[in-house]
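Participant: Chain residues, written in single-letter form:
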Amino acid sequence: MELKSCSNDIVIFFLNSQTDIGPDCCHAIDIITCNYWPAMLTSLGFTVEEGNILRDYYNASSAPSLGGLTVIYQPQKDLGSFCFSSTSQFSVNKCKKSAVSKKIVSVMAPQQSERRPATTGSVKNAMTLTEKIFSRASEKPQLSPGDNVWVNVDILMTHDVCGPGSFGIFKKEFGENAKVWDREKIVIIPDHYIFTSDERANRNVDILRDFCMEQNIKYFYDIKDLGNFKANPDYKGVCHIALAQEGHCRPGEVLLGTDSHTCTAGAFGQFATGIGNTDAGFVLGTGKVLLKVPPTLRFVLDGEMPDYLLAKDLILQIIGEISVAGATYKSMEFVGTTVERLSMEERMTLCNMVVEAGGKNGVVPADGTTFKYLEDKTSLPYEPVYSDEKASFLSEYRFDISKLEPLVAKPHSPDNRALARECKDVKIDRVYIGSCTGGKTEDFLAAAKVFLASGKKVKVPTFLVPATQKVWMDVYTLPVPGSGGKTCSQIFEEAGCDTPASPSCGACLGGPKDTYARMNEPMASCLSLQVCVSTTNRNFPGRMGHKEGQIYLASPYTAAASALTGYVTDPREFLE
Amino acid sequence: MVTASSISFGANTTFTSSPIPKTKPLFIPHSLKFTTGNGRAAVTFQRAVSVIPKATSADSRATKEPTATFHGLCYVVGDNIDTDQIIPAEYLTLVPSNPDEYEKLGSYALIGLPATYTTRFIDENETKTKYKIIIAGGNFGCGSSREHAPVALGAAGCSAVVAESYARIFFRNSVATGEIYPLDSEARLCEECSTGDVVTIEIAESRLINHTTGKEYKLKPIGDLGPVIDAGGIFAYARKTGMIASRN
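Chains as they are written, first to last, in our numbering: chain V, 1 to 576; chain B, 577 to 824.
This is chain B alone, in the form it adopts within the complex:
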């Protein structure tokens, strides 16, 4: 079982409890210097500071302030939801680093779920989901290493996943991209919650509240994981913590 605290990125991590929504721009430092393992500088360059938004302004959360909570409707899935169900292979021709194709990818999120899921994740003729939070069983995201999977969920408008456990590469890709916040539940929430329930996740308190049923559930603490997603993914985090040396 993969836990949220199973990734640590260095001795000097500080936990900040404010997850940054994906619309927050990535700031690239003025200059960067990298060294390879044998000490040779691999890349040195200077560039003007530029702001690169992760999603276009079509995102309805564009004006949301960073918070320590997630709130919204939840979508419930079972065990072993693999990457082919999250984003079927025929859509992998879309290149996630291309903003238009990023949006298109989002529109196909979870379209691979079998017909037993009578409620769609994204309504017909829509490109964004109304479910901010996914609640899943075990081994969520198993299968391929395709980063398109967490990216599609994030592009669709999902903010967080609360799963009983994750597959390794999917979890890693979620953290690296900062697209969705992967949380671990203590209990099998996929049996406690139903699609359409209104839930709130409080990161600092490690708690999920289901307003529709009135029940509360304990989540596993984020631990060292938080700062990476807060920073906006592994690159931003690596710069922030000085893992990638910046010049001056």
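Extracted from the complex, chain V is given alone in its bound form:
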């Protein structure tokens, strides 16, 4: 058969971007594509996409006037088959014995040995990013939202609140002498109730330690000296930030944690979600979990981000739009030009609060920003995946970010959205800047920027709780742009803020009564309830302590601005 003798040439074409596909082969391809398409090509193991490229090549080469097109050809390795980006065109000059223009970027060698024929004719099941992760992790090439599948877990994280319970279940169900499924895939991060004299809280960290020693867990970010966090070289702080900073978040992987804000890691283009103790106990023993494939909601954020907005405003906008149950059991995918320009920390803020909309997970597709961040953090290989162009999304929401204004979520719900400027008459009693949502390095730099712009002192107690040791260090060492070399800590001190505290979850979720910055008193005065503007993630009754406390969720810009005036304040008061 004519075609078979060409098949080597065709393979080499893909391999080298150079070929001797002569006119006879071109003609053979023509016959096939017109008359026997697609059965012949697929019977040789070429995919639909590869056939398209061949056909385009033939068409272009038989019409010499088309020689001017240039190609960006970026195959993306996906389940062993080619998957082309939507920008594929072709540049060819002549058909016979000529070099194809070498504008092809990174060609993936086709698998020579095991070629699975693509599904003939019909479009291969297009999948979203999340569906693809499920597909790979469950080793099922095809699946759909609603399917329940057993998924291999890449990383399991737990902390001091849920770790002891999870270990208890693990031992009860698998036996006192059972061993965990993989000592290198479990990351144990004490962070919730650390700097407290509560005996049970302290005991829980000891329980973590005992388990880690017994199981020889590789990653345990221990703390023993509660009086001086810096004396603990292993201690990190807030689990979700530690996971990112320590390189445990990788595109395409499955990361589970016994904490609802585990979804933060979706910023790295992976599937990350929170589970309870029982599920965690199950994973500890088996490395697997049963999950239902979620459908995906797509959020397209376009437009230039104004310099008074932060990712926190974006997610508050979205939650306000779809409500606290708007994404229940669904995946939230964030794309668009605005997202592409967000830093990793900003993407983490975005994904952090998907659970506040009920979301199962959030994802930002991995790109150059992701890869650069990961360069010095992980040496483990990873394989990003991306939503197919024809993937089905449950809904798509489009936002023109350039038109948004700073927001708050008023008590007592994260979806109780309001413009910050419309709350300017709300007198406040305190400001809290911290947590996985708003306690990262860039969050503190942002707050410092507002204090610097004002030059004045805060009017209310302003609590600063860096998320991790690294963030704390940054606050004390990084120069704030435009300040003439001052660090955040210096600016905070000049503004009269509290000294940055020991890194942990702190008062974001209340905690034991002696937790720093906890809202213990309901009343600010005999007439008014305590009001706090916070960069945290939830404001349900009692979230930060007393159930009557009033919490306004906001970005670090808005929180800093509010601290300066003593009222809920739009940061444009200082930034424009």
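Derived by calculation from the structure, the hints in this document are not laboratory data.
Straight-line Cα separation of at most 27 angstroms, DSS-like style, residue types lysine-lysine; simulated pairs:
| hint | chain 1 | residue 1 | chain 2 | residue 2 |
| --- | --- | --- | --- | --- |
| 1 | B | LYS796 | V | LYS292 |
| 2 | B | LYS680 | V | LYS172 |
| 3 | V | LYS372 | V | LYS218 |
| 4 | B | LYS791 | B | LYS706 |
| 5 | B | LYS816 | V | LYS179 |
| 6 | V | LYS424 | V | LYS459 |
| 7 | V | LYS140 | B | LYS816 |
Pulled a few chain V residues facing chain B out of the computed Cβ check, cut under 7 angstroms:
| hint | residue |
| --- | --- |
| 8 | ALA201 |
| 9 | THR328 |
| 10 | PHE540 |
| 11 | LYS547 |
Idealized CB from N, CA, C, for every residue including glycine.
Chain V is already provided as a structure; the job is to place chain B on it using the hints.
Facilitator: Here is chain B on its own, set in the frame of chain V:
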């Protein structure tokens, strides 16, 4: 909206309509073998069969026989009751797998509800609730992934929740632990029922009867969910259906 039929655990599930009260002991098989994804045996062990009760004998339902119904007083709450209201964070130092702390956790169930709820879920100086059934609005259990939430409700003596809808992780934790039976209502029962009404839930008939008002309401069918809770949670279910291989 999360429905009760939205979780399925395998092709060979059989629906049994007898929910097992939480005092039923968990039986651990004589031996278990697990394999990891790459085929290596992760855990193989043998142990003597032991009976581990889920609650101590202080539970007043210790002598109750398994039934297909729930009957008792109901406690009504509104929408978006989050985990901080179900069990405030300051009590999370209690470890649920520790029997004493399990009981203590129960004593704090729903203590985070604001003062607008004039009737407490658990009376002052009591550690158990007199309300067997909670009736809720939408998005019940939103917020944290803490399993302490359904565990606290179960430890307090609640048997079932009938909500308009659930938050994902809470629903999953309820099913995984087998602590409470999460049911979905068709209508907004939180507006139809009042705290203290006497209700009966018939699982097989997917029906809730409010004896105090005399009205009946349709519930969404349990579907594949029933066997998991009946078995006593995901571990027991996984063994029962052979999801976790048992040796011999």
